[in-house]
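Engineer: Take these sequences, add in the hints, and give me the full structure.
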Amino acid sequence: MKLLGKVLAGAVFAAGFTGAALAADLTIAVPNGSEGDGLRAAAADYAKKTGLSIDIVQAPYSNLFEKAANAGATRSGAYDLVLMDDPWLPFFAENGYLEELGPYFRATGTDGPDSDFLAKSVALCRNPYNTGKYVCLPYVGNAQMFFYNPKVFRDHGLEGAPDTWDKVFKVMEDITKRGKRRYYGYVLRGQEGNPVVANFMPVFWSFGGRMFDAKGAPQVNDAAGLKGLEFFLELKRISPPGAESFNADELGTYLLQGAAASSINWPAWVATFEDPKQSRVVGQMSYAPIPSGTKLGSSEIGHWLVGIMKASKHKQAAFDFMIWATSPAQIRISAKRGNPPVRFSIFTDPAFTSQKQFRHYPVLMQAIMNSTPRPRHPKWPEIENAFGVELSKAVAGRLGAKEALDRANRAIEKIIAR
Amino acid sequence: MERWAEEHLRYLLLAPAVLVLLALTVFPTVYMFTVAFQKFNPADPSASAFIGFANFARLLVDDKFHNALFNTLFFTTVSVAAEFALGLGFALLVDKHLRRANFIKTVLLIPMMLPPIAVAITWKLLYQPQFGVLNDILIRLGLEPLLWTSSVDTAMASIILVDIWEWTPFIFLMILAGLAGLPDEPYEAAELDGASAWQKFRDLTWPFLRPVITITVLLRVMDAFRLFDQVYILTRGGPASVTETLSYYIYKVAFRFFDTGYAAAISLFMLALTVVFSMWFIKRMRLED
Amino acid sequence: MSTPPATSEATRRAPIPGRTRQKAKAALIAAVIVFALVYTVFPVLWLLINSFKTRLDMFAIPPIWLVTSPTLENYYQTFVERAYLTYMANSLIVAVATTVASLVIGTMAGYALARFDYPGRMKFHLSFWILSTRMMPPIVTIVPLYLFFATLDLLNTKTALAIAYTGFNLPFVIWMMKGYFAEIPRDLEESAMVDGDTRLGALIRIVLPLAKPGMVATAIFCLILSWNELLFALIITETTSANTLPIGIAGRITQYKVEWGEISAAGFAACVPIIIFAFVVQRHLVRGLSFGAVKG
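Residue numbers (our numbering), protein chains in the order written: chain Z, 1 to 418; chain U, 419 to 707; chain W, 708 to 1003.
No lab work stands behind these hints: they were computed from the structure. If a hint is listed, it holds; no wrong ones were tucked in.
BS3-like cross-link-like pairs, simulated, lysine-lysine; straight-line CA separation at most 30 angstroms:
id : chain 1 : residue 1 : chain 2 : residue 2
1  : Z       : Lys414    : U       : Lys482
2  : Z       : Lys215    : U       : Lys457
3  : U       : Lys618    : W       : Lys732
4  : Z       : Lys180    : Z       : Lys151
5  : U       : Lys457    : Z       : Lys379
6  : Z       : Lys180    : Z       : Lys170
7  : Z       : Lys227    : Z       : Lys414
8  : U       : Lys514    : W       : Lys732
9  : W       : Lys919    : U       : Lys514
10 : U       : Lys482    : Z       : Lys402
Here the structure is a predicted model, which is why all the values come from computation and not from measurement.
Structural biologist: In structure tokens, the structure reads:
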């Protein structure tokens, strides 16, 4: 009897260990956050509709990249679909981790994604950029916008729209001066790596800076780039102290609490701004395209793309899901869940734009159309990190602008040469 | 059968542990050793090239590595020294005056038992320059608010403070346990001889506690040397790399710059340093077996 | 301390300073203890308070100390919307499994190292090697361990986590139990063996019960380490069926923002079992660690 008890206990215990080695009909890897939650919810709907079993692997952003890169390199087939940040695409595509979608489209009688997708959004999904074969479909249409409080700006002398950096900087500087360390005109993020680079690129581009010249060699330290960084450091001067360690979360918090008047940030924050449980500035924020410097302001595009891994064992099923999830009806639902759409029809739908929490759609669509993607280099993750290390030191006051850009340029040269 | 087991008991009892540890460490160690001599390409391992000692030579000239090494040594020394002083002090105090105060003892133990990620986010909130409570306290006391983890000058001190908060209880616990096991007679005898408190500590307590202190400090040094979690959550190695520890640098090299070979070389260096220190420390505290 | 005055003469000559000094000392000690308690408890209390705040209140300027408009939304999100209870169950299963395994294997090894002689300097080298397995920087072991478990087809299983954590716990268990057994006099087993018992039998019937406090203490450490571990859980697990608590907490950090309310709730919820556990086992912890005096 005692023996039986022990065996039963052992069996129950062992049962607690039957791990789900990923054996579902479809396995989708997504990041933490509203985009991952959105695709997860869509997958749950799809599973109910079709009766398929769908496993979701949801991981922190950098961990997701590592997992997907690992799965690609080991050809494990662990994931069928991956929701990627668009700068990852060249890395995944060039290393051959993604399945080409051409044959699947042709089997349905089409050439590729339909024309309702925004041109810039679909351009991201081709490798090489804009001209090559399709390797994914866009799912969330992010591009940076300029968030600002129009009343405060007007009170400090803004006339018309905040369309140039010169105009806007005067206002922001005044706000910080009068704010007496309680209220700031602008918030900048300077944390090393992706945060500072993503915040710097729009400024860099609006002063004519370019990462690479026509031959593909880095030229971040040319005259235009230097002007861009010098202006960026001016923005740091009028930002709250500690900006050298800020990330997107701090940017949002300062604006939400009404402690700062403007910043460059991602549309994911708009819903939070309009939520009375999280925001002191409900209804007070306006959204504008990135101001211009010597060139037209251009925001950094940052879409989330869904692609099929080459080692997947359920490619057709994955493709069917992808097409369904990016269809107008599903993108509409995704938009209601707080993820910006990638389709023209939804961006311009009055049913959305008439609502308060979607009033930024026209600006966002314009931002996407004028956006610049991050350089489509397969080593971009490395390049961004190297660039970010030097930029962050400049923001922290450890390096001068020229020295930081020179060092960054050398580091990028070394990475490309490898 | 039983006979055979009895005769070979000394090896049989040891075998499972050795096997488990071997299985879990031999592959990573071999992996580390082979990869450290290559220009390893994680995306396409077959394209890796053997480059001899080049990765190790790079250690000599890489100023980011030197920065990380300095940060780690500084952090480990200051943190463990402070934790030891505080832990020892509190253990002596509690053992003498509060031996039966179980509630207090338990409360003082809690920080080391909490999930490090919970600890990290709590302190991240406390350290916020504009919105955090610590600065509010400073302002109310009439002092200047600090930038804590957001400034090049105070970031490392802030990280050290978190580590002290989290791990002093460990040293406190181990020494308290050691004190609880002390015999009474030598102390009574010393009392009769008119020994002072300091003499009793130096001649009786310290030698008794030496084994406990050795293993405790050694464990703390080993763990502090590998600091990663708090850096990852609180500062990401910044601002301007002042809090970049060796573990965080290895993480960057391996997973941001995809240079697995160099990461392995740095790891081997770390391992060697730790081994050398441990052997020296154990000998110094006269604890050979 | 100072020896009490031997004569009433001495007491008459210097009564006040002696007593005042003792009172001052007591007050100082009390102040130090109170400061230590406040300093220890405050961050945890702050986490608890924040878990009931909306994001609006969490970042108010000037900071709001107590909760002005409490909300249960954070806990609702954590437990109802996101499978936090599943994570807790997973963490518990893995923690118990690895503790049992570590204790069994580690106690056997600790006993062997305490009692037996080995050829040459094998014992020292073995002991040092066991300790050194804890010196490896975890970052480098990530990829090889991932490959190791992938080959065994154990990825995304609680089994893999339990095995990995046993690897971490073993060195500590072995060193602790070795020290513990070294304190238990050999005569007990010797006399049992003289009476005809086998050494194994003597170990199980006589020595182990005496070693219970030490085993309890090391079990506590194993449970805590497993409950709190994040890095390997992130690497080895993929889906909710295997994810553990720390992953649930880390999951509230996203690319664009940190869900501070939810992460506070999740963080504090992870601390509650530990705090309760601490009160239950504190006595055993000190007792179990001291009887062996943790010798090398």
